[in-house]
Each structure stands twice: as structure tokens, then as C-alpha cells.
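All chains should be modelled from the sequences, with the hints used to inform the complete structure.
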Amino acid sequence: MYNHILSIILFTPLVGAVLLMLVPKENKDAIRWIGNIFGFLGFAVSLPLIPWFWALKDRAGFQFVEGAPNNWIPSIGSGYVIGIDGISFLLIMLTTLLGAISILSSWNAIQERVKEYYVWFLVLQTGMLGVFMANDMFLFFVFWEAMLVPMYLLIGIWGGPRKLYAAIKFFLYTLFGSVLMLLGILFLYFHHHTLTGVYTFYLPDLYATAPKIGGHAAIWLFFAFFVGFAIKVPMFPFHTWLPDAHVEAPTAGSVILAGVLLKMGTYGLIRFSLPFFPAVAMTPWVRQFVIVLSLIAIIYGALVSLMQKDMKKLVAYSSVSHLGFCTLGIFALSPLGLSGSVLQQINHGISTGALFLIVGILYERRHTREIAEYGGISNVMPVYATITLIMFMSSMGLPLLNGFVGEFTILQGTFMENKVWAAWAVPGVILAAAYLLWLYQRVFFGPVNNPKNEKLLDLSGRELATFIPLVIVAFWIGLYPKPFFQILATPVNNLVATVRPDYPGLAKPMLAAQPVNPNPEAATPLPEPPKAPETQKPATPGDGQKPGVATKQKPAPVNTAKANLAAAPAALGK
Amino acid sequence: MTTSLTTFSLSYSSTDYLLALPMLLLTVFALGILMIDLMLPQQWKRVNAITALIGVAFSSVAVVKLHLVYHAAEKQGIAIATFTGFMGSLVVDRFAIYFFYLFLMGAGIAILMSMRYLEIEHESHGEFYALMLLSVVGMMCMAAGYDIVLIFIGLELMAISTYVLVGFLRRDKRSNEAALKYLLLGAFSSGIFAYGLSLFYGLTGSTNLGQIAQKLQEVIATRPNDPVVIFALLTTTTGLLFKIAAVPFHQWAPDAYEGAPTSITGFMSVAVKSAAWAMLLRIFLFGLYPLRSMYVPLLIFVAIATMTGGNLAAITQDNLKRLLAYSSIAHVGYMLLGLIASDGQTNSTGIMAIMIYLLVYTFMNLGAFAVITSLRRRNIIGDTVDDIAGLYFKAPTEAILMLIFLLSLAGIPPLAGFWGKYFIFLALIQTGHYALAAIGVLYSVVGLYYYMRIANSMLMRQPIDAEPVHTRPAMRLALTITAAGTVVIGLFPNFFINVTNWSLGLVQGTQHMAGMLR
Chain A
24 MYNHILSIIL FTPLVGAVLL MLVPKENKDA IRWIGNIFGF LGFAVSLPLI PWFWALKDRA
84 GFQFVEGAPN NWIPSIGSGY VIGIDGISFL LIMLTTLLGA ISILSSWNAI QERVKEYYVW
144 FLVLQTGMLG VFMANDMFLF FVFWEAMLVP MYLLIGIWGG PRKLYAAIKF FLYTLFGSVL
204 MLLGILFLYF HHHTLTGVYT FYLPDLYATA PKIGGHAAIW LFFAFFVGFA IKVPMFPFHT
264 WLPDAHVEAP TAGSVILAGV LLKMGTYGLI RFSLPFFPAV AMTPWVRQFV IVLSLIAIIY
324 GALVSLMQKD MKKLVAYSSV SHLGFCTLGI FALSPLGLSG SVLQQINHGI STGALFLIVG
384 ILYERRHTRE IAEYGGISNV MPVYATITLI MFMSSMGLPL LNGFVGEFTI LQGTFMENKV
444 WAAWAVPGVI LAAAYLLWLY QRVFFGPVNN PKNEKLLDLS GRELATFIPL VIVAFWIGLY
504 PKPFFQILAT PVNNLVATVR PDYPGLAKPM LAAQPVNPNP EAATPLPEPP KAPETQKPAT
564 PGDGQKPGVA TKQKPAPVNT AKANLAAAPA ALGK
Chain B
202 MTTSLTTFSL SYSSTDYLLA LPMLLLTVFA LGILMIDLML PQQWKRVNAI TALIGVAFSS
262 VAVVKLHLVY HAAEKQGIAI ATFTGFMGSL VVDRFAIYFF YLFLMGAGIA ILMSMRYLEI
322 EHESHGEFYA LMLLSVVGMM CMAAGYDIVL IFIGLELMAI STYVLVGFLR RDKRSNEAAL
382 KYLLLGAFSS GIFAYGLSLF YGLTGSTNLG QIAQKLQEVI ATRPNDPVVI FALLTTTTGL
442 LFKIAAVPFH QWAPDAYEGA PTSITGFMSV AVKSAAWAML LRIFLFGLYP LRSMYVPLLI
502 FVAIATMTGG NLAAITQDNL KRLLAYSSIA HVGYMLLGLI ASDGQTNSTG IMAIMIYLLV
562 YTFMNLGAFA VITSLRRRNI IGDTVDDIAG LYFKAPTEAI LMLIFLLSLA GIPPLAGFWG
622 KYFIFLALIQ TGHYALAAIG VLYSVVGLYY YMRIANSMLM RQPIDAEPVH TRPAMRLALT
682 ITAAGTVVIG LFPNFFINVT NWSLGLVQGT QHMAGMLR
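Protein sequences appear in the order of chains A and B.
Each residue of the first sequence is one higher than the one before, counting from 24 in the numbering used here.
Each residue of the second sequence is one higher than the one before, counting from 202 in the numbering used here.
If you're looking for bench data, these hints aren't it; they were derived computationally from the structure.
Please note that the accuracy of each hint is not assured.
So the derived list for chain B, only partly shown, Cβ under 8 Å to chain A, looks like this [to be verified]:
#1 Ile630
#2 Leu649
#3 Tyr650
#4 Asn657
#5 Leu660
#6 Asn695
Even for Gly, the Cβ is constructed at its ideal location relative to N, Cα and C.
As C-alpha cells, this is what we get:
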């Protein structure tokens, strides 16, 4: 099991989908049970990964690698190779958790074509996990595109009144981005052949050759990839598909869409754009361009959220704003910014996923999401109101909850790079508090004005069960984020060292971990962990990212995390 | 190509007939069907279809036989064997064998699709199947012809059979109109084509493609801008582009596709199209290779126009057959990109892309037409986007299969259709045609829109009629074959990529059709 854990995680949902196809479609309860069992099983099989990965977290490169290059389609040099590092590990855990939760949340919401629903949902789950696991560009692209189909169907079949429009818009937008990316991939593939005489899609091989592309070609390629990922994120000018898709999708679809699908864009930027084109990413105008787009997204998303009359649309636009923080952190290109960004992606999955569930619960009871229809809900649904408050706090970044840690780290990382960028991002935090608190006030406080709301039932056991794990994780990240930063330290530091070989405080441990690579310009995270014992040695204490710059009076999670790493075996138990 | 065919014998020999065996068998069966049909009572007409299938099977065995002979010859140390017969006019090389398989597969599946359809239309006649087999004979001549006379005869045999098949629904006005349009435009284009070929004969004094290439090389060397050469090239190209339905010579296709019996529409869109492509590749890559620098700019223009015209026109169609007709025009545009990228000399990826495109297209497009065929029920013509509405509720299996075919046509991995596009774009990237690649991929996004319109209607709308959709075993077999092809090629393309490479004489690793027959 240890050697094939990733395949097991990847294909458990697919097995469930195949089994479900055999169940007669009239037997709705059996289908629901099987769907939920496999949803939960998908999460359960990913649990062993936590201690196993923890033991390997300081190794550079991909872990748990399965398959070999070229074993799938030898004639074009593509293989079924999967492996994870700290970044993909966290996103995989998020995917399995949210998958189980969303499947559980659909029990009553889906009444028509139940069988298909669960089948497509489980297929979607496999597709998303594959994106985060693939170590082969071609395999990645297959998962990336194949995953669009179940999502398109989920929106199109079980969606709201404008579902057809939203579904096709989602599909076309994302396909538009990914076909350009396909050309980029093919260029890298051919370029690799030109340099080495070998046709391969194997990711570590491409890491070695892609940065050697220079000049205009690199910039064009960077943008070919960038458009693909930016549409998925979605970054500012490409975001218009998101409100439509979110609003029309069924609740569970929105949860997955916001929680996981959007992360594929940011994951792609981290996994592909930065290491493939480090020089372009560091080109001042490119970097500034992306940062400005992120800042626009942060502020514009928040302002638009303020104005929404529909709760789901409000949450959807808030995603634009939150994802703006993530891309800001990525292109701050410092260890703090990047690890904050990944953590913020997890946070956004947790809190926005929960927000969509929250909206879904009201919608299931009243079949409307108009804010004006509600008021004084805390009187009739006290448990629900409490959970909602916690998740709102988490989303707006209140200390002690997860959102704060992520946003703070991103802002800190950005501040150290450029004070103006950070200054422009801060209003986003304030506006987030404004639109969420205002929403909370309008929906939950005051007297119950609308007679239709007087008889609303509070959360059922099943509904509560969907929130509890999210609340726990939200508090966990908020109170004790250290293990998360420890997991992220190695991949993030390697990435920054790849993109910015001159980054102070990183080059040494980076090169020590990778004695193979004397040329820092072509430095890449190696595929296989070197077996030498010194590679397992963690970073030495006091090896902060930018000594003397980090503010000490505020919690600076990465610094402390790294500093305590060697002396904290107690934390190993998680 | 400067190397020409040197090893043909000037006399007939018995091996010539072995080479022609697949065609001879089909002819025998076609004639046999015509005779048996006279003796069959009305309720036994299905025997004709079965006879035709047996004929296809026999012919396939003959092709396999040829294939084995190849292997035997290659085992004995001949690097890439080619067999020529009938004084060099018929060349059964790997390229031809690949297309033989393709035609037979397309014909076999189309016959399976036709059986019930013809009964519903009350047009269950033996001629239908006989004509199909004869058109396959014509196609084989086009793919294996190395002499413009044989190629032209094959073309006409195929075309005339198809004209009749398109108009086979005598009581249906649309079918009659389609047949007449197709006949007039088809005959016109054949005339232009023949005129171009005759000019080449006049220029070079030979009808053999190899010798034409050799002489053209000399002509070009002495008179680089000879107006006769240019005029001959233009007319020949026009004729060829007519046959593959490239814009601006595509007008016949939507009408013919819409009016023809649905199974024949499917047959035309795959087998007839493959044959036209085989002929086009033979002529452009072999006979007219010396003129490549002249025809490539022309093809670039046509390819862009074809992708634009096909994709944009398909968006507004409400008739499924018309929509798929325009989409197949768009697919021709992508395939032309492959010919633009690759010359078969320095780079062959594009040619290989066209070959694999035709293979996957055979499965996915026939599959889509098979589903549309099954919509033809009592009193319901069933070929509009509205007719397919709510198909999921009436026939979930067919609806899911149609979704697979549509996604494959749109080029979503891991389905077969992706591979055609993949190699086309790879060829463009390899040869540095970045702008064309970008145009191509962007149009494939447009393509998704109209395919998903069908899917939307099928999966997300309520049915407008209550008439159930039943499929007979023959149709189910056709659907199974096409769906299996679409999925299996998509997931495990390695074998099929190797087959395509083999058919072009590409040894793994080398990137051009080095040893292929010229």
C-alpha cells in the first residue's frame, strides 16, 4: 500500500463511479449510500499519507513517485508518473476532504438523476486529484482537460435557471486557456528534443531544459501558460466565468469549484510557470503586470462583493478577491509569500467551501438566495448562525482562525519585497470584513421580518457533520500553523532558490540539498530524492529568510517554524 | 521526389491480381448482391446487407493477406517492401494498405448502420449495398493508384456510386435535391481536376506520378514560373480541394450531407473523405512534390478559410447533419494544417497526423452519425437539434455514447479525437508555424461550442416527442465498435501511433518518410 498510495487515492473515487454505474437508477438511497461511502473512502485512504508524508517532508523533489517515464505511450514519450511534494500534498488532502464533504452535503439537495450525479462527482474527484499528482506534462494535461467534462455536466444538469449558459461559458473559457497551454507544452516538448534528442513529457526533464529558452520565445510561452492558469484562478480580466458558474452550480459543485478547481490555476503557476520560466517571472514588467492584476482582483472583487444582492454571488466575487491574495503571494516570489499563498489556497478552500455550504443550506430551505429575503435568522437557527459566524471570521482573516495566518504571511512576504504592493493589498482585508459582516448583519441579526423564515429548521446532524471538519481545520491552521509551514518549507525554498538563485539565506541549503547541480541558472528541484543522508538534514536553526527584516513582534510563522524545525521532533506527531 | 518508381514490370503477371484481390472480391460481391437481390422476397432484403458484410470481411482478409506478405518480405531483409502491378499503375504499399483497412472499416460500420434505417425508409434494395461496395473499390483505386488515369477512374467510380447513394431516398425531396447538387458540382470539379491532370500529362509526357515528379523537377529548374505549370497546379488543386470539401469549394457538402440517407452521410464523411485525402496526399506528396513551394501558400489560405468557414457556419446550424457537415469541413481545415507543416521529407509528423486523424475520425464521426441514424423513427425524421433533446431520458446509453463522440470530435483528451489534433499541432510547432497553430487551437474552442450545443440539448433539455428510441442489434454493434474505437485509441494510442508510423514507413525515432515509396 505504501508504494501505491497515490494510485489508490487517485482511483478510489473512479472505482466508486464504476460500481455506481452498476446500480439500478431507481434505487436512489442505495446510490446515495454508495456515493457517500466512496466519498468518505476517498478521504480515508488519503489519511495514511499524512504521517507518511510527514516523515519525508524535508526531502527535495517529488515523493511517493509511481510509474516510469514513457510507460504509457512510449511512442510520444509520455508516462503514467505521479508523485507529490509538500504543495501538492496539502492540495490533495484538501481535495479529498472537500470531496467527501460535498458528497455528503448533496444528500437532499439532489433529487433528480441521482445516479449520474454521484458518478460524475466521483469522476471529477479523480480528475482533480490527477492534476495535483501528475509528474508528466501530458498526463497533467489529460487530467486538466478531462476534469472539465464532469464539472460542465454538474453545472449544466443540476444547476440553476441559467445553467446552460453558465456551463458552456465555464467550459469554453477554461478550454480557451488550456489549448494555448497545450501549444506551450508542445513547444517545451519539442525544445527538449532539440536540446537532448529525446522526446519526453517527464516533468523533471522538462524542468531541466525549459529555463534554457530565452528571449521573446520565453515570454510568449510564459503567457501561453499564464493565460491558461489565470483563467482558472481566475485573475482579474479573466474572471467573468466565475460568478456565473458559481451561482448556477449546485451547492456541492460550487464547493468543489471554489475549493479545489480554482486552486489548479494557482497550483499551475507554482508548479509550472515559475520553474519553467524563472527569468520571465523575475522580469520586472512581467512581475509587476501580474501583481497589478492581483491587486485589481483583490480590491475589485471585494468592492463587487459589497454590492451583491445574491448571497452566492457575493461569495463568488469574494473568491476573486481571495485568489488575488494567492497570486500576489506567488509573484512576491519570496519564501514567505509563496508559503503564505499555498496556505491561503488551503484556507480559501476551507472557508469559501464552508460559505457555499452555508448558502446552500438556506437555499435548500427557502429556495432563494436574495439577501433581502432574510433577516434575524440567528433567532431561528442558532447553531447555524454560530457556524456561519466562525466561517465568516475565518474568511475575513480574523486572528486565531486560518484566514489570518495565510493573509498575514502573504502580506508580510509582499511587504518585504515591495511596500507599495502590500499597501494596496491591505484594503482587500478591510473590505472583506465589510462585506462579510454586513452580510451577516443583514441575514442573521434583527427581528425575523419575513414570516416564511419563522419555521426554518436548524442544522440536521448530517449538515453539522459537513461543517465540523472544516471548523476544526480552520481553528487548527489558525492556532497552530507550524506543521503546515514545515511541510511547505522544502518545496517553497527550493522553488524560490530556482527562480531567484541570489535570494539571501536560501542558496546555501538549496545547493547543499542538491549537490548535483552546479549551475544555479538551471537549478531545478530534482525528481528523485538523493539518497545521501545529509539531504535529510533540516535547515539549520536561525536560517530565516531575510534576517533582520522580519518583524518579530508579530507572529511570523515561517521563521519560527523553520527555526524550531530541528528541535521539534515533538511536533512530528502532528 | 526525385526518386521514381523503377521496379515495375512491363507485363502483367499473376501477382498483379493478388494485389488487386481486395478490389476484385468486393466487385464480385457487389455484382453478386445485384443478382441475389432479384431473387429475394421483400422481407428477406436483410440478406443483402449480410452478403455485403461478408464481402467486406473477405476483402479484409485479402488485405490482411497482403499485409502478411509484406511482413514476410520485410523479414527477408527488404527494408520497406512495395508491390507494384499493372505496369506500375497500381502500388500496394503500406500507405495503401492503411487506407484499405480504413475504407473497409468505414464501409462495414456504415452497412451495419443502414440495415434498419433502410427498412424504415422503405428503400431496402440490394443496389444500396452493391453501390457501397463499388464505391469502396473506387476508393481503393484512389489510395493505391500511382497513375493519374487509375486514380481518376477510381475517383469517378467512387463518386458516381456516391451520387446515387445520396439520392437513394427517392420519395424524399431533400435527398433528390442533394443528389442533383452533388452530381452537378461533383462532375464539374472532376472536370476541372481532369483538366489539370491532362495539363500535367502534357507537361511531362507521363501519367505515372513518379515520372511526373521527375519531369516536373526538370521543368521547374528550367522555367521556374511557367504559366502552364501554375495553371495546371491551380486546376488540379481546385479539383482536389473540391473533393475534400475545403472552403471555398465546400458548398456541396452541407446540402449533400443533409439530404443523403443518414448512414450514407456518415459513410461519406469518413470513407469518401479518407479516399479523397489518400488521393490528395498521393498527388501532392508524390506527383506534385516539386511544386510544393507553390502550393503551400495556397494551402495556408485555404486552411485558414476552411477552419473559419466550417467553424463559424456550424455555430448557427439547427440540423444535426448540417452541423456535422460544417464541422467536418472544419476538421478538413485542421488536417490541411498537417500538410502545410510537413512535406514528408524533412518532417513527417503532419502527414502522420492526417493519417491518424482520418483513423479516429472514422470512429467518432461514424459513431455520431450512428446515433443520429437511430433517431430516425416512424414519422420522425429526427435530425435536428430539437429532435435530440432529452435523448438521455429516452435512451441513456445512446446519449452517453453521443457525448463521448462529441467530446472526441471537440478534441478533449483522453478521447481519440484529441490525437488527431495533438499531432497536427505538434507538427506545426516542430516546423515553426506558431501563428497557424494558435489559429487552429482557438478554432477548436469554437468547435467545442457547437458540439456542446448538441450535448446540452441531449442531456439537459426535456424531450419534445414521446416516441421511444430503439436500437437493433446491428446498430448496437456499430455503436459498440465506434465507441470502443474512440475510447481505446484515446486511452492507449501507442499501438495506433505505431501502425500509422508503419504505414508511412517511419521507423520509430526517425522523423521522415525516408524509405517510403516515391
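Against the structure, the hints come out as follows:
{"no.": "1", "hint": "Ile630", "verdict": "holds, 5 Å"}
{"no.": "2", "hint": "Leu649", "verdict": "holds, 6 Å"}
{"no.": "3", "hint": "Tyr650", "verdict": "holds, 6 Å"}
{"no.": "4", "hint": "Asn657", "verdict": "holds, 5 Å"}
{"no.": "5", "hint": "Leu660", "verdict": "holds, 6 Å"}
{"no.": "6", "hint": "Asn695", "verdict": "holds, 5 Å"}
Of the hints listed earlier, there is not a single one the structure fails to meet.
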